[in-house]
Amino acid sequence: MQGLKKEWDILPVEQHHDQKDYASALPRWCPGCGDHAALNAVRRLCYEKQLPPERTVVVSGIGCSSRFPHYMKTYGFHGLHGRAFPVACGVKSRRPDLHVFVVTGDGDCCAIGAGHWIHALRYNMDLTVILLDNNVYGLTKNQTSPTTRLGEHTNTHPHGAMIPPLNPITVALGIANASFVAQTVDWHPAHVYSTIEAAHQHRGLSFVRILQRCPHFSAHVFDAPLQDPSLLLLMEHAEGITLDADKSKKFTTRMQHDPRDLNRARAVAAREDVYPIGLFYRNERAACYDDFTSQGLSMTQSERQNAIRAAIDRFAI
Amino acid sequence: MQATTAEASPVQARVATTVDEHIVEIVSDSGEGAQTCGQIFADLCARHGNGIWTVEIIPAEIEPPKRSRAGASGNRIRLGSRPVTNAGDCADIVVAFNEQVLYSRIDAGALRPGTIVFVDGSWLASPDERIVQQYREALADFRARGYEVIPLPIVEECLRHADDVRKGKNIWVLGLLCAIYDLEHTKVLQTIAARFARKGADTARRNADLFTAGYEWALRHVEQRFRVAPCAVPQDGAAQGTVVMNGNQAIALGIMSAGIEVCSMYPITPATSVSHFLASAFEQTGGIVHQAEDEIAAIGFAIGCSYAGKTAVTITSGPGLALKTEFIGLAVMAEIPLVIVVVQRGGPSTGLPTKVEQGDLMAALHASPGDCPKIILAPATIGECFHFMITARKLAEEFRGPVMVLSDANLATGQQPFPKPVFDPAWLAPPLDMSPVEPGALPFAWDPETGLSPRHIPGQRGGEYVVTGLAHDEYSHVAYESSINQRAMRMRSRKLAVLQSALKPPIVHGDASGDLLVVGWGSTLGTIEEAVDRLRADGLKVSSVHLRFLSPLEPGLRELFGRFKKVVTVEVNYSDDEGDPFITAESRRYAPLAQLLRAHTLVDIDCWSRVPGSPLPPSVIAQQLRLKLSAAENLCRA
Amino acid sequence: MSATLIAPETVSREQLRTFHLSGHGLEGMLPASGLKPSLTDDTLRGLPQLELVYPVWITPGKPPAPNVPGNEGFPAPFSAASLPLIHGAFLAAGRASARAAFLQSLRQAIASLADLIAVDDAKRRPASLDKVAASLGEAQRFLSVGRLMSVFGRHGNQPAGMDAQRRLRCEAALTALEEALYTHQSAPSFWLFSSGESPVDLSAAGGRVCQSTDPCSDALAFVNQQLFDFAIVLRALRLAKLEAVNAYDSATHDEALARFDWQTAEPGEIAALPTVVVLESAERLEAASLTSFSRLLRSGRPVQLLIPSSGLCAGDLTGSVADFGALALAHRGAFVLQTSMANWDHLAAGFTEMALTLHPAVAVVSVPAPGEAPETAWLQACLLSLSPAFPLFRYHPDLEGGWQERFRLLESLPENDSVTPVDALLLSSRYRAHFRMIPPDAWDKEQLELREFLRRYQSAPPLVIPFVNALDDSGALRRLAVTRELVHLCFDRQRAAEMLRVLAAKSPAPTAQAAVVPIEANDSGIREAAAKDAYRRVLALLADPQSLV
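Chains as they are written, first to last, in this note's numbering: chain A, 1 to 317; chain P, 318 to 955; chain X, 956 to 1504.
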């Protein structure tokens, strides 16, 4: 009979990777920096999903956040300030077999890189993007960033920031074709992991903003929700980021939010009285630019050669 | 004096004057199709076997005012019985759809006494008195200047075959020109039919009628007839046939033929037409054109693609190059292969977007922060635009870094025939090696003598490393010791020296020694050599040399320059002229190539350059060279 | 009997009885040709029209379409010779995408192996001067290629190439795949094994004919060899896929590949093979190779068998007719289609499904009898499938959705059995000897219309002469006596149809239906209900002993 014994089909023997296989150097972030939480979550994700290190690429810009690739034993691209997105899109364009992560910071993404950020959201290539938002420029020693709160003192605004901050979530939700927008906080590792796991799972650009503190320059920015956990609004839904029951018990303010509802997502994101965390929006059917960039990959050399000769011949006289 | 169609004298076999070459210009208001007319005429002459070189006359605005000097749009075609290498001097025939655009050509110095000027005489019957006045004055002026003026009843003729006159004039004029140059009628009709087949049967038929009308009108009413014989010897041994295209098309075809799969760009004149061509043609070879959100994203995307194993190309012009310099520096520092095509245009700043200039050499060499040694090539002909793309990709991958290819607006839009490239599978990028790397292999395993190293591609097990723009060592670890920085810079610089060791000295056009050596680069090859040939015909000891490699420079220059009494660069860019107020030996700013060569060879190289926004005619160059020669003589005697 | 003189217009009862039982006598009463069965208006209205279906247009690459001429292709008229063309066209159309996908996967596997070997070559052997020069393009004239080469080859770690074993593996696989591509590109879409007298030219439908005395055996042997050879190609494909991602591990995969055979292949891959088809008429199968027929159906191999049947065997009608459809059903694991060229919708649906199955598949197809006029043959074929003579059904061994999905019987008319096989046989000249015209003045009560006869025959065979009504070419009603053999034939077909109906669960089994008790959580309630029911049944049993039977 035909078609039996499928479970013994001939498959590549997968190498097994331990969690430590994904760790290269000891991270040189300050103790208490929220970047550690993100790094742990990504390393754990790679381990849980057994992503081959050689086919994982982490792309970053410049900033404390962007040191991230150096601490992963995968391929990495520590590029230019604000320019991680175009490079990541280029990496993915002709190599759909690679797992591409983008790690960026609030200055890198929302200031100098804003143009690229907006268009990357629109292109919706299959990338997992982590914005490590500590509301300040840390590496260059305490300048105001687009997400710095009103009134916060920095070296460039010693009298306090005078323009209200930009809200990366409302911006992302306003971009056409954006397909996955989520937010989490660095002091809830289980939620961070679940968010990043869902982000990696989604096909398209998964934008995850992690609110975190810089222990040197913005240590107190999130004092309010830390002291009063009811200020954190946990968005829950069967289609959203799921947490184990014992982990979600920690959140006293919860809300059912269907991530398919874009209008509601925008309304929740704009709230200033709470810090909403969870999945704001997901659209599985958004167009992915990778479908365009990967065309022609399966062309054989002989097909290519014939096409080149034909193209030249068209100019013959 | 208006020619009337009433006296339709029978078709006479007029005697054709045989000429070695002719220069024809067609100018009109923007949108009237003079450029198309010129392109088709050039194509037809090439098929006829002539050598051709064309220059597009491009207004800078999309919708310039009608009947204005600044709004002239059209084409210049130089056709010859030998291969043609430049745009030549003054036109022999100019066809102008109105008299005002002709003035733009007069201002550009494109006409001489004796130039035959065909002008649309319909303006004389315009209801607008001002126009009639302008027309009369202009024609009187033209005759005063010594041009042979022949009005044409273009509008009247065209209205017989088309309702919208704007659609027909250029084809009617095409017919006229084909008759004047004795191109065989039926063969030409076939070519035209094929060209317009896509636009539908009605358009094709109308164009055929218009063409025939123009052709027959010329046979009946135009005295002049010229014959430019086809090239006797096949151009450059064309056993494989000949192709005709412009420089941007050649670059696009070269990109495809090099096996490049990604072209990343942002629209900018005059580079964009490369991407237009690729946007439809690339599908055939499995490639894509990525239009990025800005110039910086375009090069970032290309670098990401190259880093992942498939060397990409990004195309821009001067202003775009300025934006890309930070990323170029990253490509040099991280040793990522990349091809960057810069189609130069008039600067500085927004400058003259549609005009030729060779102004970006210094930016190409130095604009990135710090020391960024990179390979820079400059094709000099349309054919080299094609072939250099293959070389560029290969060198980028072997030398592990960016390769810049400098073209310009003249090459971009000028058509020239060249031997049809015979595709060689060796041109294509080799398949990606995804095998695990050798244990112990370093990301930057610099050969201590050459600085060359193999690179690891994502997918190769064991080769994981983090590329960084920060100073780094062989392990791609951020470098904190001072010696590492020195060594890394040395290695990256060494690669250029290695390439130079494999370059041949440039070939001298003329004698190996003499009184004057002219050095050029880029699109001035043909015009410099023609000027030099004229001087040599007068017994002057002048030679020229044309550089293709600008970084590293071709070897043997100092020794070569030593064999001539004087060395001058001729370029299309800005330099101060000797003798101008305040310009002394200490304050004079030299043209870019001259600066480069002076520093490189320690020879007191002179320069002569202009930024007219159009190609330098050989006569003008010849005149300047004579001046330089006599000045040098005077100096010697003094 | 022949000695008795009879006036030609009258016949006696005895003569009729003799004819009915022996088939002889009353030669003067043989019916003329041109007789048509007498059918109800409903039946007549329901008959499909020949011109609306045939000729069927066969376009390469597409399923055949009834009577719609296309730009390319050719027409297939209503004849037995069209059957393999039509079936072949459905086969080719149904498997076209699998075939194309397989060829594409071959090409890609070849390309990736070729790339691997090219990369390995580049590592082992430094490129020649010519190669390096060529790779630089024409600008090489500005370079000294020799000097360039001397610096290229000086990198630190020279990567080693593949180990010898891997290299051999890849090269062997590449060769196998290249040969396979060459073979498959030029292979026909099906091979037809037939012992038929007139070889049909099938190249227009993409097939090739193999003459054979025992086509079933030969086809089985052929397909076994085909699958064996194919396993080699599939192994090479899998090897190529693993090698392309550097994932081939000798320890695991050598063993896995060695045990790989066609049964673990993807269905799409097997479907890409040229299909092996056997064409054997019912008559020849019956006479010659029943054993190999059975062996073929039990083989589990992806073969297809076409059995054109022109109606009923012209041989001895005393016993039952070999019913290949039912025989095939008994083989359980085979796809069985019983269809008719006169019912295009059923045939098209059936052939479309048959094209996609990889089980052994049988199609018993009612085809027009040779030598008949097209309209007559058409009417005969229609009537055959309307009557129990040739019920149309389809059995798919592993379709999901239960038995009802797997076995589908086409119900033609409601069960009043208004059309009998004899109505169809009436049209055929071959069976004329089984009929005698009864002149109107000899019509009497000892004659019973056949349908009524068949109904009463169950309980007790009535001592009457069965007849059928027919219309002659002037439309007048005629009565035709039929032989005992035809009656047996009708019963046989009724039994066959009944069996199929039971299989299709169209009518309940003769045993009493079990009382369906609703499942309740109430256990005691169930017991009580069951007890009551049992009591009632015992009472009924005691009341009527006959129900025990």
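Hints are not guaranteed to be accurate.
Restricting the straight-line Cα-Cα distance to at most 20 Å, the calculated cross-link-like pairs of lysine to aspartate or glutamate (EDC-like) are [stated by the list, open to error]:
1. Lys1196(X) x Glu14(A)
2. Lys1086(X) x Asp750(P)
3. Lys1078(X) x Glu715(P)
4. Lys141(A) x Glu152(A)
5. Lys882(P) x Glu798(P)
6. Lys737(P) x Glu1093(X)
7. Lys821(P) x Glu1308(X)
8. Lys882(P) x Asp923(P)
9. Lys1086(X) x Asp741(P)
10. Lys1078(X) x Asp764(P)
11. Lys737(P) x Asp244(A)
12. Lys1086(X) x Glu714(P)
13. Lys383(P) x Glu454(P)
Calculated from the structure, these hints are not laboratory results.
| message | For each hint given before, does the structure comply? Return the numbers of the non-compliant ones in rising order. | response | Hints 5, 7 and 11 not satisfied by this model.
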